[in-house]
Amino acid sequence: MGIIKQAFMLPLQGTAVAGRWDSLFLFMLWLAAIMFVLVVGSMLAFVWKYRHKASDRTTYITGSHVLEAIWIIVPTVMLLGIFVWGYSVYRGMTQAPRDAVEIRVLGKQWVWSFQYDNGRTSIGEIYVPVHRPTKLIMTSEDVLHSFFIPNFRVKQDVVPGMYSSVWFKPTVIGTHQVFCAEYCGTSHSGMLAKIHVLSEADWEDWNEGKSPKAFGDSLVEQGRKLHETKGCVTCHTADGTAKLGPSHKGLFGSKVELEDGTFVIADENYIRGKIENPRGSTKRGFTQMMPTFQGLVTETEMNALIAYVKSLAH
Amino acid sequence: MRHHAHHFASAEAEFEASKQGMWVFLVTEVLMFGGLLVGYGIFRNLYPEAFHEAHKHLAVSLGAINTVFLISSSVTMALAVTYTQMGKRVAASCSLIGTLTLAFSFLCVKYVEYSHKFHDGLLPAGYFTNTELKLPEAPLFFSLYFMTTGLHMLHVLIGMGLLIWILRRTWSGELSSGYCTPTELVGFYWHFVDLVWIFLFPLLYLVG
Amino acid sequence: MSNYLAAKGLRSWLTTLDHKRIGLMYLFSIFVFFLLGGIFALILRLHLFGWGKDLLSADMYNQFFTFHGAIMIFLVIIPGIPGALGNFILPIMLGAKDVAFPRLNLASYYIFMVGAIFAASALFLRGADGGWTFYTPYSIRTNTTVLLVLTGALIAGFSSILTALNFIISIHKLRAPGMTWDRLPLFLWALYATSIIQILATPVLAITLVLLIAERVLQIGIFDPKLGGDPILFQHFFWFYSHPAVYIMILPAMGVISEVIPVFSRKPIFGYKAIAYSSFGIALIAFIVWGHHMVVSGQSELANFLFSLLTMFVAVPTGIKVFSWVGTMYRGSIHLYAPMLYALGFLELFTIGGLTGIFLATLAIDVHMTDTYFVVAHFHYVMVGGTIMGLLAGVHYWFPKMTGRLYSERDAAISFWSILIGFNVTFFPQFILGAQGMPRRYWHYLPEYTMLNRVSTVGSWFIGFGFLYLMIYMWKAVRYGKASGSNPWSALTLEWQTSSPPPTENFEIDPVVTDWPYAYAPDNVHMAVNK
Amino acid sequence: MASHSSGPHLSVRSVLSLGGLLLVLTLVTVLVSFVDLGKLNFFVAALVAICKATIVLYFFMNLRHDSRDNAVIFLTSLVFLTIFFVLTSVDVFFRGDVKVKGAFFQAVASVTKKPWIKTPELVAHGKEQYAIQCAMCHGAVGAGNGPAAAALVPPPRDFTKPDGWKNGRKATMVFKTLKDGLAGSAMASYATLPEDDRWALAHYIISLGSEPPADTAEDFAVIGIDPNKEGSTVIKEPKITIRQAMALLQTSSSGGRLYTGSAEGQYGQLCASCHGDKGQGGIKVGQYGLYAVTKPFDRAMTEDAIIASIRGTAHRVTTLSQEELTALARFVQNAAKR
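Chains as they are written, first to last, in our numbering: chain A, 1 to 314; chain B, 1 to 208; chain C, 1 to 531; chain D, 1 to 338.
In short, the hints are calculated from the structure, not lab data.
One thing to keep in mind: the hints can contain errors.
[What the hints assert, rightly or not] DSBU-like, lysine-lysine: derived pairs with alpha carbons at most 35 angstroms apart: (1) D:K101 to B:K56; (2) C:K226 to D:K99; (3) B:K117 to D:K176; (4) B:K134 to D:K39; (5) B:K117 to D:K39; (6) C:K482 to A:K49; (7) A:K135 to A:K230; (8) B:K110 to C:K226; (9) A:K169 to D:K99; (10) C:K476 to A:K225; (11) D:K99 to A:K255; (12) A:K169 to D:K179; (13) C:K482 to B:K134; (14) B:K88 to C:K173; (15) D:K101 to D:K176; (16) D:K166 to A:K135; (17) A:K249 to D:K166; (18) C:K482 to A:K230; (19) B:K117 to C:K226; (20) D:K99 to A:K135; (21) A:K255 to C:K53; (22) C:K226 to A:K283; (23) D:K99 to B:K56; (24) B:K110 to B:K88; (25) C:K226 to A:K194; (26) A:K53 to C:K226; (27) B:K134 to D:K161; (28) A:K194 to C:K273; (29) C:K226 to A:K243; (30) C:K226 to B:K56; (31) A:K249 to D:K101; (32) D:K176 to B:K56; (33) D:K39 to A:K194; (34) D:K127 to A:K169.
[Claimed, not checked] Pulled from the structure, derived: some chain B residues nowhere near chain D, Cβ distances all over 10 angstroms: (35) W23; (36) L31; (37) G34; (38) H57; (39) S74; (40) L79.
Just so it is clear, CB atoms sit at the ideal spot from N, CA and C, and this is done for glycine as well.
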C-alpha cells in the first residue's frame with residue numbers, strides 16, 4: 001500500500017473524510033493494478049507463448065459459457081461493492097451536521113469573497129475553525145465556478161441563481177489551497193483562494209473582530225519586507241545614498257532625468273514599468289544593469305512594493 | 001417504369017429501403033422536437049403558475065384554426081397519395097395544390113399570431129417588454145413558445161418546398177401508380193409535421 | 001472491371017457516389033483535422049512545460065484547448081471510423097455494391113465539410129473559448145465567435161445522422177444472401193450499434209445547439225440564470241448526447257479490434273455472441289448514465305446516486321469485450337504485424353482508460369477527481385488509446401484493400417512504439433496530477449505541479465514524432481508500396497474475397513455467404529503476406 | 001404485404017372519414033379545455049392528442065400494412081425520449097429549495113449598543129477596517145497618499161489635516177460621508193458595510209487629526225439616528241431613488257462636470273478619475289488579489305463582465321440602476337472600439 005500511496009503522492013489529508021477517501025482510493029488503485037496486470041499480463045504472455053511458428057496448430061475455440069458467466073457476474077458484484085463503499089463515503093461528504101459554522105461564499109469572475117456570521121467579509125482568504133464542522137453556502141454572481149479544496153477532497157460547483165453547499169471538518173491547522181475547478185474565463189487559473197484553518201483561540205479572536213496573526217502587516221510593511229526579499233536592497237538604498245542604482249528615498253513624485261536627457265515623473269506607472277521592463281528608462285549617471293522582474297512579482301507584491309517606495313517619498 | 005437503382009435487387013426492395021430510411025429519419029425528428037418538449041415539460045412543472053398565466057395570452061381560436069388547417073392538409077396529402085397510386089394525375093395534383101394552400105394559410109395565421117405577440121411585447125425572455133404579466137418566469141413560456149412553433153413553422157416551410165417538388169413531378173406524369181415512392185415519403189414527412197402540431201396545440205394553447 | 005481508383009480527375013472524386021471514394025475523402029479530411037487538432041495539443045503541452053515565460057496568453061490558451069477539444073471530437077473521432085473505414089468497408093463486408101443511399105452518403109460528406117469550415121472559420125475571427133462543452137452561462141456571455149463553432153457542430157451533426165441512417169438501412173436490406181445475423185462480422189455489429197446511438201442521440205445535440213444559438217441571438221433565457229433559466233438543465237441536454245457520443249467514438253474502434261485480433265491470432269473470435277450483444281448492451285446503457293458527468297454540478301443527490309449506480313453496469317459489457325479479445329489470443333498463432341500491434345496498444349491503453357473510468361463512476365472519488373487532470377488523462381486514454389488506436393489498426397489492416405499495396409512493417413513498428421510510449425509518458429503523470437488536485441483548463445498552475453507537467457510535455461513530443469513518421473511512411477507506401485495481392489492477411493471476411501483495390505462494383509460475381517466469418521481452421525496459421 | 005402497385009392502401013372514402021374523425025377529436029379537445037378539471041386537463045388533452053396521432057400513424061402513414069419493424073423503430077424514439085425526461089426530472093425536481101432570492105450578502109444589523117460613542121475597542125476595530133477598506137486610496141497612515149490616490153481628481157482627503165472636509169470632521173458627519181459617499185469625487189458610498197464598522201472607521205479617522213467639536217442633536221437628525229435610543233438603525237436601501245441620486249450628483253458636483261443624463265456624462269463623473277477620460281486607463285489597482293486593471297477596454301470585456309466588475313467591491317458604485325449600468329457598459333465597449 002505504501003509505495004502506491006507514495007507514488008500517487010495524494011494531497012495532505014485535511015479532514016477525516018479525506019482519510020476515508022484515501023483508503024477507498026487506494027483499495028481501488030490496488031484492484032485496478034491487479035486487473036491491469038491480469039489483462040495486459042496475460043495478453044503479453046499469449047503474444048510471447050503463442051507467437052507464430054510455421055508448425056503451429058491453433059485450437060478451435062469459439063467461446064466458453066462458464067468463463068463468460070464468470071466475467072459477467074464477478075465484475076458486477078465487485079462493481080456494486082465499490083459503488084456501496086463509494087456512496088457511503090459520499091454521504092459523509094454531503095450530509096452537513098446541524099451545528100456547522102455557516103459561511104457564505106460568493107464566486108465572481110476571478111475572485112472568491114466570503115461573508116461570516118458576524119457580518120465581516122474577506123476576499124481571497126477564508127478563515128475556518130479547526131475540529132468544528134463548517135458549511136459553505138455558495139452562489140455565483142456571473143458564470144459557473146467550482147469551489148475545490150484538494151486537501152479536504154471536496155468540490156462543489158457554484159451556480160449563479162442557485163445555492164450550492166459543501167461542508168468539511170478540518171483537522172489540520174494551517175493554510176490550504178482553494179482552486180476554481182469550472183472554466184470561468186480569462187483568469188480561471190488565477191481564481192485562487194487560501195483557506196486558513198485557525199486554532200480554537202484564533203477562531204474566537206477572529207469572531208470578535210480582532211485580526212488573527214494570519215492577517216499580516218500593513219501594505220507598506222509588506223513592501224518593506226519584499227524590498228529586501230526580492231533583492232532591491234542590493235542596488236537601491238532607502239536612506240538616500242546611491243549604490244549601483246539610485247536610492248529610492250525621495251524618488252516617488254520627483255522628476256527623473258533619463259539617460260537621453262528627457263525628464264519623466266517617477267509616478268506609479270514609472271515604478272511599475274521599471275520593475276517589469278527596466279530597459280530604456282535608466283537614470284542619467286547610471287549604467288543599465290537592472291534585471292526584469294516580469295513574472296517574478298505577483299500583483300499584490302507589486303502594490304506592496306509601490307506603497308513602500310511611496311512611503312519613502314518624504 | 002423507372003429502372004430501379006443498380007445496387008438494389010428490385011424496385012420493391014428499393015421502396016422498402018427508402019421507406020425504412022424515412023422512418024429512421026422521422027425518429028431523429030421525433031427526438032429533436034421531443035428534446036424541446038422535454039425542456040417545455042420541465043419548465044412547465046418548475047413554474048406551473050407562471051406558465052399557466054402566460055398561456056392565457058395565446059389565441060386559442062387561432063391555434064384551433066391552424067389545427068384544422070393542418071389536419072385537413074394531412075387529409076388532402078393522404079388523398080394525393082391515394083390518387084397517385086390510382087394513377088389519377090389530375091386528382092393527385094389538385095390534392096397536392098390543396099395541401100399547399102392549406103399549408104400557406106397555416107403560415108398566414110401564424111404570421112397574424114406572431115405579429116400580435118410582437119405588438120404586445122410577449123417576446124423571448126431577453127426582449128420581453130410586456131407589463132401585464134408580472135411573474136418573473138412568464139417570459140420563459142414565450143421563449144419556449146417561439147422556439148417550438150418557430151421550429152415547427154420551419155418544418156412546414158421545408159414541407160411546402162417538398163410538396164412543390166412532388167407537384168411538379170406528379171404533374172409531369174413521372175410519379176404515377178408505377179412509381180410513387182417520393183410521394184409517399186413526402187406524405188410521411190407531411191403527416192409527421194401535422195403530428196407535431198397535434199401535440200403542440202394542446203400542450204401550448206389548451207393546457208399551458 | 002477497372003478498380004475504383006481508375007477514374008482520374010478532381011471531378012471524378014468530388015461528384016463520386018462510390019462509397020469507397022467517399023470513405024477515402026473522409027479519411028483524408030479526418031487526418032487533416034487530426035493534424036490540426038494535434039498541433040493545438042502540442043502547443044498547449046509546450047506552454048504547460050512552464051519555463052516562466054508564457055508561450056500563450058490566458059485568452060489564447062483558453063481558445064487553444066477549446067479548439068483542440070472541438071476539432072478532435074466533432075471533426076475527428078465522431079466521424080472518424082464510421083465515416084472513413086465504415087464507408088469504405090461496410091458495403092463490401094456486406095457483399096453489397098454500395099450503401100443503401102449513395103447520394104445521401106455524398107451529401108453527408110459535403111455537410112461534414114461545410115460544418116468543418118464553419119467551425120474552422122472561427123479561428124480567423126475572434127476564436128472561441130469555453131471548452132468543447134460550452135457550458136452556459138459562460139458560453140452565452142463570452143464575446144468570442146463561439147456561435148460559429150456551435151453552427152459548425154450542428155451541421156456536422158446532420159452528417160453523422162445521415163451516415164448512421166445509411167448504415168442501418170444497408171445492414172437491414174443489403175446483406176449478401178446467406179449472411180444471417182449471426183454471420184454478420186463484428187465490425188458491422190459495432191457499426192450497427194453505433195448508428196443506432198447516432199440516430200437516437202445526435203438530434204438532441206442538434207436541439208441543444210439550436211437552443212444555445214438562440215440563447216446568444218434571441219436571448220431565450222432557458223439556460224441563462226439571469227433570465228430565469230437553469231444552467232444545469234443545459235448540462236443535462238448536452239450530456240444526454242455527449243455520453244452516448246463517447247460510445248459512438250469507442251464502439252467502431254472495438255469493432256475494428258474484434259476484426260483484427262482473430263485474423264492475426266489465426267483463431268476464431270472468443271464469444272462472438274457475447275461481443276455482438278455487448279455492443280447493444282453498451283448502446284442501451286449509454287443513454288441512462290450521462291449524469292455521472294455532473295456529480296458536483298449542483299445535481300440532486302438522488303440523481304447522483306442513480307447515475308453512479310447505472311454507470312457501474314457500463315463496465316460489464318466493456319469487460320466482456322476485453323476479456324474475450326484476450327481469450328481469442330489464447331492458443332492462437334500470433335503474427336505481430338502493425339494492425340495487431342495497434343490492437344494490442346488499444347488493449348493496453350483502453351484497459352487503463354476503462355479501469356480509471358470506474359474510479360470516476362464511484363461517487364466519492366468523482367467529487368475530488370472531476371474537473372481535474374485525472375479526468376483529462378482518463379478520457380485521453382479511452383479516446384486516443386481507444387478510438388485513435390482503433391482507427392490506426394483499421395487503416396493499417398485495410399490499407400492493402402484500399403490501395404492494393406503494402407506499407408513497411410518496420411516503419412509502422414517505429415511509429416507505433418513512439419506513439420505508445422509517448423502516450424503513456426504524456427498521460428500517466430496526469431493521473432497523479434489529477435489526484436493531487438490540479439484542475440483542468442488551467443493557464444498557470446501552482447509550482448508544485450511543474451515536474452509532472454514537464455514529463456508530460458516531453459511525452460507529447462514522442463506522440464508528435466510518431467504521427468509525423470506515420471505520415472511519411474504512409475505516403476511512401478501509397479506511392480511505392482509493394483503489391484499486396486487481394487488477401488495479404490488471409491482473412492475470411494467478405495471484403496478480402498474480392499481484389500485489392502476492389503472494382504467499382506466491389507465484386508465480379510455477387511458473393512454468397514456460406515459460413516461463419518471467423519472459422520479459422522487449426523492449420524490455417526499462415527498469412528499470404530509472410531510467404 | 002400488399003404489393004406496391006396493386007392500388008392504394010386507403011380508399012378515398014376512408015381518407016375523408018378519417019379526416020372527419022380527426023376534426024371531431026380536435027373539437028372535443030378544444031371544448032374540454034374550457035372545462036377546468038385542474039390536473040386532469042393535461043391528461044385528457046394528452047389522451048386525445050395520442051388518439052389523433054395513432055390515427056395518423058396507423059392509417060395515413062400506413063403502419064397498418066407495413067412490416068412491424070418500422071413501427072418498432074418509431075416507438076424506440078419515444079422510449080428514449082421518456083428516458084431523457086424521467087432521468088432529467090430525477091435531478092431537476094429533487095434538488096430542494098436552492099433558488100437564490102434577493103441579495104446574497106445581507107447587510108448585517110449592528111451589535112454594539114451605541115456605536116457613535118467613541119471607545120478604544122471601536123477605534124482599534126476602525127484601524128483594522130481602515131487597512132482593508134480605505135488604505136488603498138487614503139494611504140497607510142491617512143495622509144491621502146494611497147497607491148490608488150495618484151490619478152484621483154480630486155485627490156483623496158488627508159485625514160491628518162483639518163481643512164477641506166466637505167461634511168466636516170464630526171463623527172456623525174464622517175459617518176454620513178461613509179454612508180452616502182461624496183458626489184463628484186471617487187469617494188463612493190460604503191452603505192453595505194455594517195454600521196458598527198462605519199462608526200469604528202469614523203472614530204479611527206477622526207483620531208488621526210485633532211479632536212472635532214461634539215455632535216449636536218441636528219447632526220444626529222441629519223443621519224436619521226436618535227442618539228438616546230439603544231441600538232442603531234438597520235441598514236435600509238438608500239431612500240432616494242437612483243434618478244434623484246443622479247440629479248443630486250448633477251447639482252452638487254463641484255468640478256462643473258454636469259451629468260448630462262447620457263452614459264458619457266455618467267462615465268465622466270464616476271469612472272474617468274481612475275480609468276482616464278478616454279478610457280486609456282490610469283493606475284493598476286491590484287489589492288487583495290482583486291485583479292482590477294484599470295485598462296479593461298482594450299481587452300474588449302463583455303457587457304456583463306463590465307457590469308459585474310462595476311458592481312464589484314473595488315468600485316462600490318452600487319447605486320446605479322440596471323439601465324444605467326447597461327448604458328455605461330455599452331459606452332465603455334464603444335470606447336474600447338474607438
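Do the hints match the structure? See the list:
1. D:K101 to B:K56: This hinted pair holds, its Cα atoms lying about 27 angstroms apart.
2. C:K226 to D:K99: Between C:K226 and D:K99 the Cα gap is close to 12 angstroms, so the pair holds against 35 angstroms.
3. B:K117 to D:K176: violated, 49 angstroms
4. B:K134 to D:K39: Holds - the C-alpha atoms of D:K39 and B:K134 are around 24 angstroms apart, at most 35 angstroms.
5. B:K117 to D:K39: Within the cut-off at roughly 27 angstroms; holds.
6. C:K482 to A:K49: Between C:K482 and A:K49 the Cα gap is close to 31 angstroms, so the pair holds against 35 angstroms.
7. A:K135 to A:K230: violated, 39 angstroms
8. B:K110 to C:K226: holds, 30 angstroms
9. A:K169 to D:K99: Answer holds: A:K169 to D:K99 is near 26 angstroms, not above 35 angstroms.
10. C:K476 to A:K225: Violated - the C-alpha atoms of A:K225 and C:K476 are around 64 angstroms apart, more than 35 angstroms.
11. D:K99 to A:K255: violated, 57 angstroms
12. A:K169 to D:K179: Between A:K169 and D:K179 the Cα gap is close to 38 angstroms, so the pair fails against 35 angstroms, i.e. violated.
13. C:K482 to B:K134: violated, 78 angstroms
14. B:K88 to C:K173: holds, 31 angstroms
15. D:K101 to D:K176: holds, 30 angstroms
16. D:K166 to A:K135: Cα-Cα ~44 angstroms, so violated.
17. A:K249 to D:K166: Measuring from Cα to Cα gives roughly 33 angstroms; hence the hint holds.
18. C:K482 to A:K230: violated, 66 angstroms
19. B:K117 to C:K226: holds, 23 angstroms
20. D:K99 to A:K135: holds, 18 angstroms
21. A:K255 to C:K53: The hint holds at about 33 angstroms.
22. C:K226 to A:K283: Status violated; Cα separation ~53 angstroms.
23. D:K99 to B:K56: holds, 26 angstroms
24. B:K110 to B:K88: holds, 33 angstroms
25. C:K226 to A:K194: Measuring from Cα to Cα gives roughly 29 angstroms; hence the hint holds.
26. A:K53 to C:K226: Answer violated: A:K53 to C:K226 is near 70 angstroms, above 35 angstroms.
27. B:K134 to D:K161: At roughly 54 angstroms apart (the allowed maximum being 35 angstroms), D:K161 and B:K134 break the hint.
28. A:K194 to C:K273: violated, 56 angstroms
29. C:K226 to A:K243: violated, 58 angstroms
30. C:K226 to B:K56: holds, 25 angstroms
31. A:K249 to D:K101: violated, 53 angstroms
32. D:K176 to B:K56: Violated, because 50 angstroms separates the two Cα atoms, which is more than 35 angstroms.
33. D:K39 to A:K194: The hint is violated at about 52 angstroms.
34. D:K127 to A:K169: holds, 32 angstroms
35. W23: violated, 4 angstroms
36. L31: violated, 6 angstroms
37. G34: violated, 4 angstroms
38. H57: Since the minimum Cβ distance to chain D is about 15 angstroms, B:H57 lies beyond 10 angstroms and the statement holds.
39. S74: violated, 6 angstroms
40. L79: violated, 5 angstroms
Consistency with the previously given hints fails for numbers 3, 7, 10, 11, 12, 13, 16, 18, 22, 26, 27, 28, 29, 31, 32, 33, 35, 36, 37, 39 and 40, ordered from lowest to highest.
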